[in-house]
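Trainee: Take a look at the letters that make up each chain.
There are 2 protein chains.
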Amino acid sequence: MLTSSMEDYLEKIYELMREKGYARVSDIASSLSVQPSSVTKMIQKLDEKKLVTYEKYRGIVLTAKGEHLGKLMKQRHKRLEEFLRMLRIKEETIQNDVEGIEHHVSPATMNALNNLVLFFQQNTDCLQEFNTFCDELEELNQDLDSSNQ
Amino acid sequence: MLTSSMEDYLEKIYELMREKGYARVSDIASSLSVQPSSVTKMIQKLDEKKLVTYEKYRGIVLTAKGEHLGKLMKQRHKRLEEFLRMLRIKEETIQNDVEGIEHHVSPATMNALNNLVLFFQQNTDCLQEFNTFCDELEELNQDLDSSNQ
Ligand SMILES: [Mn+2]
Ligand SMILES: [Mn+2]
Numbered sequence: 001m002l003t004s005s006m007e008d009y010l011e012k013i014y015e016l017m018r019e020k021g022y023a024r025v026s027d028i029a030s031s032l033s034v035q036p037s038s039v040t041k042m043i044q045k046l047d048e049k050k051l052v053t054y055e056k057y058r059g060i061v062l063t064a065k066g067e068h069l070g071k072l073m074k075q076r077h078k079r080l081e082e083f084l085r086m087l088r089i090k091e092e093t094i095q096n097d098v099e100g101i102e103h104h105v106s107p108a109t110m111n112a113l114n115n116l117v118l119f120f121q122q123n124t125d126c127l128q129e130f131n132t133f134c135d136e137l138e139e140l141n142q143d144l145d146s147s148n149q
Numbered sequence: 001m002l003t004s005s006m007e008d009y010l011e012k013i014y015e016l017m018r019e020k021g022y023a024r025v026s027d028i029a030s031s032l033s034v035q036p037s038s039v040t041k042m043i044q045k046l047d048e049k050k051l052v053t054y055e056k057y058r059g060i061v062l063t064a065k066g067e068h069l070g071k072l073m074k075q076r077h078k079r080l081e082e083f084l085r086m087l088r089i090k091e092e093t094i095q096n097d098v099e100g101i102e103h104h105v106s107p108a109t110m111n112a113l114n115n116l117v118l119f120f121q122q123n124t125d126c127l128q129e130f131n132t133f134c135d136e137l138e139e140l141n142q143d144l145d146s147s148n149q
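Heads up: the protein sequence lines correspond to chains H and E, in order. Here the first sequence is numbered in full-length UniProt numbering, starting from 1 and rising by one per residue. Here the second sequence is numbered in full-length UniProt numbering, starting from 1 and rising by one per residue.
Keep in mind that the hints are not guaranteed to be accurate.
To be verified - For each label pair, taking beta carbons as the anchor points, the in silico distance ranges come out as:
| id | chain 1 | residue 1 | chain 2 | residue 2 | range |
| --- | --- | --- | --- | --- | --- |
| 1 | E | Gln95 | H | Glu48 | 25 to 33 Å |
| 2 | H | Asn96 | E | Gln75 | 17 to 25 Å |
| 3 | E | Gln128 | H | His68 | 35 to 43 Å |
| 4 | H | Lys90 | E | Leu72 | 18 to 26 Å |
| 5 | E | Ser33 | H | Leu127 | 28 to 36 Å |
| 6 | H | Arg85 | E | Tyr22 | 41 to 49 Å |
| 7 | E | Asp145 | H | Ala64 | 20 to 28 Å |
| 8 | H | Tyr57 | E | Gln95 | 44 to 52 Å |
| 9 | H | Leu144 | E | Gln44 | 17 to 25 Å |
| 10 | E | Gln142 | H | Lys56 | 40 to 48 Å |
| 11 | E | Leu118 | H | Arg85 | 28 to 36 Å |
| 12 | E | Asn148 | H | Lys78 | 46 to 54 Å |
| 13 | H | Pro107 | E | Lys45 | 17 to 25 Å |
Keep in mind that the hints were calculated from the coordinates and are not lab data. Note that CB positions come from ideal geometry on N, CA and C, so glycine has one too.
Please take these sequences and the hints and turn them into a complete structure.
Mentor: Here's what the structure looks like:
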């Protein structure tokens, strides 16, 4: 079992390796807003789980299994973002929610949410109807609020 | 700020009070699968936050604020369940996912998910189209799997 924190590290190391070709302790620390000493400890744990190794000149490197998992974490994060973006959630709220939700979404639920995004992308009339439905609900709520004041 | 654990306790105490009229330490402990000593510690924390009080003959009682929050937790839990049930997720997976997700869903996202449930309930043609879409995707995936064997 991976902890939420391990999942965040794998996602971040995967991201850094894709962007820069390597992942340094200092880069991981600054992008996760943690102390370098915490990164070092976590790297040891991930090493014990055979998800990363340390190579003398390249630094921290994901194993095949680590890369597979990091890619899954990254994909899950991106797909949850897309889902919430489709629901017209504010960008800041999306980032907050996804950072928490991602660690608790089963593959079955993730698949269903992704299907929902694909469905609305291909059936824009349904998406349009849904957006109108939301706008009407919001107007109703605003009317109720102002009549209660 | 409430921790995930505090949210679980408030939800459970609210539930017990609605069902039985009171919440005993032993009932809370068994329904959350924790030790009675953990319940006692948490009740102290919730007491400091003025969310529960201890009354000599009634036992643990939610304050008005505690009851308001407990009700919100319970509602959020139920609505997330409804949402995942609409997506045809297995009951066991629903319970697991909701226990984790609920603590990380912002009010804005919760509202949007609830709108989605209401929308599909009122637009059953869209829901039907979505279900067909999912079934077709699944068939395609099964075909791909079997042709890869
Ligand atoms: Mn993430
Ligand atoms: Mn719950």
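Trainee: The hint says 44 to 52 Å between tyrosine 57/H and glutamine 95/E; measuring C-beta to C-beta, is that right?
Mentor: About 48 Å separates the Cβ atoms of tyrosine 57/H and glutamine 95/E, which means 44 to 52 Å holds.
Trainee: Just to be sure I understand the hint, the distance between the Cβ atoms of leucine 118/E and arginine 85/H should be within 28 to 36 Å; is that true here?
Mentor: 20 Å Cβ-Cβ, so the 28 to 36 Å window is violated.
Trainee: Indicate whether the distance between the beta carbons of glutamine 142/E and lysine 56/H respects the range 40 to 48 Å.
Mentor: 46 Å, holds
Trainee: CB of arginine 85/H to CB of tyrosine 22/E, is that within 41 to 49 Å?
Mentor: Given about 45 Å between the Cβ atoms, the range holds.
Trainee: Kindly confirm whether 20 to 28 Å is satisfied by the beta carbon distance between aspartate 145/E and alanine 64/H.
Mentor: 22 Å, holds
Trainee: Is it true that lysine 90/H and leucine 72/E lie within 18 to 26 Å of each other by Cβ?
Mentor: 21 Å, holds
Trainee: Assuming the hint says 28 to 36 Å, is it satisfied by the Cβ distance from serine 33/E to leucine 127/H or not?
Mentor: The hinted range 28 to 36 Å is violated for serine 33/E and leucine 127/H, with Cβ atoms some 41 Å apart.
Trainee: Are glutamine 95/E and glutamate 48/H spaced within 25 to 33 Å by their CB atoms?
Mentor: The hint (25 to 33 Å, Cβ to Cβ) holds, given that glutamine 95/E and glutamate 48/H are roughly 31 Å apart.
Trainee: Is the gap between the beta carbons of asparagine 148/E and lysine 78/H within 46 to 54 Å?
Mentor: 25 Å, violated
Trainee: Falls inside 17 to 25 Å, the C-beta gap from asparagine 96/H to glutamine 75/E?
Mentor: 21 Å, holds
Trainee: I want to verify a distance hint. Is the separation of the beta carbons of leucine 144/H and glutamine 44/E within 17 to 25 Å?
Mentor: Roughly 39 Å apart at Cβ, these two residues miss the hinted range, so it is violated.
Trainee: May I ask you to test the hint 17 to 25 Å on the CB atoms belonging to proline 107/H and lysine 45/E?
Mentor: 35 Å, violated
Violation of the numbered hints given earlier is confined to hints 5, 9, 11, 12, 13; the remaining hints are satisfied by the structure.
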